[in-house]
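> Since chain A is already given, all that's left is putting chain B on it; use the hints.
2 protein chains.
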Amino acid sequence: MSRDFVISIDAMGGDRGPAAIVDGMARSARKNNEIGFIVHGDAEKLEKLVRKRGLADICQIRNTPDVVAMDEKPSVAMRKGRDSSMWHTLQAVATGEARVALSSGNTGALMAMSMLVLRKAPGVDRPAIAVLWPAEKPQGFNVVLDMGADVRADPRNLLEYAVMGAEYARLGLGIQQPRVGLLNVGTEKTKGRAQLAEADDVLLEFAAREGADLTYRGYVEGNDIPGDKVDVVVTDGFTGNIALKTAEGTAAFIRKALKDAFAHSPLSRFGALFALTSLKRMQRRIDPRRVNGGVFLGLNGAVVKSHGGADATGFSSAIKLAFQMAKTDFSQRVAQQVAKLAAERDTPGAESGAVRGNA
Amino acid sequence: MSRDFVISIDAMGGDRGPAAIVDGMARSARKNNEIGFIVHGDAEKLEKLVRKRGLADICQIRNTPDVVAMDEKPSVAMRKGRDSSMWHTLQAVATGEARVALSSGNTGALMAMSMLVLRKAPGVDRPAIAVLWPAEKPQGFNVVLDMGADVRADPRNLLEYAVMGAEYARLGLGIQQPRVGLLNVGTEKTKGRAQLAEADDVLLEFAAREGADLTYRGYVEGNDIPGDKVDVVVTDGFTGNIALKTAEGTAAFIRKALKDAFAHSPLSRFGALFALTSLKRMQRRIDPRRVNGGVFLGLNGAVVKSHGGADATGFSSAIKLAFQMAKTDFSQRVAQQVAKLAAERDTPGAESGAVRGNA
Chain A
907 MSRDFVISID AMGGDRGPAA IVDGMARSAR KNNEIGFIVH GDAEKLEKLV RKRGLADICQ
967 IRNTPDVVAM DEKPSVAMRK GRDSSMWHTL QAVATGEARV ALSSGNTGAL MAMSMLVLRK
1027 APGVDRPAIA VLWPAEKPQG FNVVLDMGAD VRADPRNLLE YAVMGAEYAR LGLGIQQPRV
1087 GLLNVGTEKT KGRAQLAEAD DVLLEFAARE GADLTYRGYV EGNDIPGDKV DVVVTDGFTG
1147 NIALKTAEGT AAFIRKALKD AFAHSPLSRF GALFALTSLK RMQRRIDPRR VNGGVFLGLN
1207 GAVVKSHGGA DATGFSSAIK LAFQMAKTDF SQRVAQQVAK LAAERDTPGA ESGAVRGNA
Chain B
907 MSRDFVISID AMGGDRGPAA IVDGMARSAR KNNEIGFIVH GDAEKLEKLV RKRGLADICQ
967 IRNTPDVVAM DEKPSVAMRK GRDSSMWHTL QAVATGEARV ALSSGNTGAL MAMSMLVLRK
1027 APGVDRPAIA VLWPAEKPQG FNVVLDMGAD VRADPRNLLE YAVMGAEYAR LGLGIQQPRV
1087 GLLNVGTEKT KGRAQLAEAD DVLLEFAARE GADLTYRGYV EGNDIPGDKV DVVVTDGFTG
1147 NIALKTAEGT AAFIRKALKD AFAHSPLSRF GALFALTSLK RMQRRIDPRR VNGGVFLGLN
1207 GAVVKSHGGA DATGFSSAIK LAFQMAKTDF SQRVAQQVAK LAAERDTPGA ESGAVRGNA
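Sequence lines, in order, name chains A and B. Each residue of the first sequence is one higher than the one before, counting from 907 in this note's numbering. Each residue of the second sequence is one higher than the one before, counting from 907 in this note's numbering.
Extracted from the complex, chain A is given alone in its bound form (with noise of 0.2 Å):
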């Protein structure tokens, strides 16, 4: 296999099983000829399918005898888990055999599974999971974090987040000076928690050094998440995992709504013929499954973690974040960006986390 990029795929991860998984990396291919894959679970099945989806010359197959069940926890799966598909798609990019690792499975299983496996980047002190979510802008998408990663979050980490998200705002929306909001429940100083005008304080005072390559907007509010107020959203995991499936569920609800409002009479349907490919359009701009993909910041390594529930569409969207990923060296260019922020922490005078700003 003579691919520049190997993509390391578990394969047992997920809701729809390998088949989804096999058309979505078959679906990748036709569209990308620089990409591989190595492909990790049940290896009969798996021969079977990559060899029906034409994918044999470009795929390996590892098989691996055990799954990391979606419910399971990250402690038992990290005990339990040395052969499972997960744990051996991780390592093959610690081996350096694939450029970047790509699972449906379990999220707290694969993130604790990859810290230890791929250990933190240096200076990082908690990885976090960052996500492209929908947006009114130009680029249509802001980054936010930490989806879920870490439940609790202090200022030093909301700061690391603001640092290693405005990389991904650059590097995946090609925004240079990426504007950073603290999520919040008003955009006055003394709205919320006592930690979060903390963090806010060190971000002022982070973004007003010389050099600083993001701007701080200051609180955003929960309506700015698929706004153009800021590029990047930072929040705790628990507001973050809360606020991403608010939205799923709101978009679900209307999806529905709409759809219910279609087929109400048969006046409604005939209209829904010539609204058809209109409804497609906004589908499309609001498909979840077009961005499909929380990106693992901090680590020595590149995952990605796909939706549990997606297709075969929603897992090449996958494929094509983690192409993406590798073909800008995406993890060495974060990890280089918080290097350089602990740098700074531990340079005297400079202690972000203990100067107040003056805001």
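Derived from the structure by calculation, the hints contain no laboratory data. Predicted model, so just to flag it, every value in this text is computed and none were measured.
Note that identical chains are pooled: a pair holds if it fits in a single copy or bridges any two copies.
Straight line, CA to CA, 16 Å or less: simulated EDC-like cross-link-like pairs of lysine to aspartate or glutamate:
id : residue 1 : residue 2
1  : Lys-1095  : Asp-977
2  : Lys-979   : Asp-1056
3  : Lys-1233  : Glu-940
4  : Lys-1097  : Glu-978
5  : Lys-1097  : Asp-977
6  : Lys-951   : Asp-929
7  : Lys-1043  : Asp-1134
8  : Lys-1246  : Asp-1119
9  : Lys-1043  : Asp-1166
10 : Lys-1097  : Asp-1056
11 : Lys-1162  : Asp-1134
12 : Lys-1162  : Glu-1042
13 : Lys-1095  : Asp-1107
14 : Lys-1246  : Asp-1031
Showing chain B alone in chain A's frame:
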């Protein structure tokens, strides 16, 4: 004024000024001949508006010199706002002249003043703000709280919210045995923050008692808020506010995407003509103006907070909600539920905050 259900209205709150509010009153008055109003604000302006809308017979006007600004700190509003429209709106309920208070003003200030003017109902540790959230179910809505009365909530508060929210579901949605869920980032016991696991135990214990009039369904996730898994979603005010505003932002984003899709080409604009009725049908169903109003739970008196940006239609919905609260003796019945809870809590051997469930 001999109307049975007098609603005390703050005409100076909100972003659109008194005209939108008086228009909303007129809309409601056309549909409902049991309501009357005491309206607080700039009497000169209000007299003109009230006369123009033909409301003079069912509307008392009270001149109040001050206005609480939308961005005023609650503490400042409490000190300096004793002659504001908001303060006097609440006073009319405290004195018994009106059955329910309604304001589109600053939420934090309204809650702080409500606690001072109306006081907490006996046994209530912390009042909460609840909303009806459009959901995919026969009743069309779920009750979600707290939406921002307080950014923190301990297990005891969350139990109180569950009890008050369940009463809202009974009175507002006609669900006799409401199913309650605790908002978290996953459904497994180990997920989320430590305090949530404690609240989970407290709720399990409470719901398992004989005669409990709510069913506890454990953790729910963001995507369950608009679903049919539970009828009441309980969370702290920080998380609730983020979820609500994220949902609002998502809905606005999709509305815009839909509009853009239909405006894309002459053919899509033609298609839009046929789709119009269906789109309007959907829009009605998800229209946030249709149920406008956060309901304050746990006070000696009924208070409804209308959305700050509400237009006449939105404000009229808030009046409808206020009327229903008055008609069902809502705040008294919620207070009874909490008093019952407090009595149980004080019974030796039933200290729900201390006893851990077996789950």
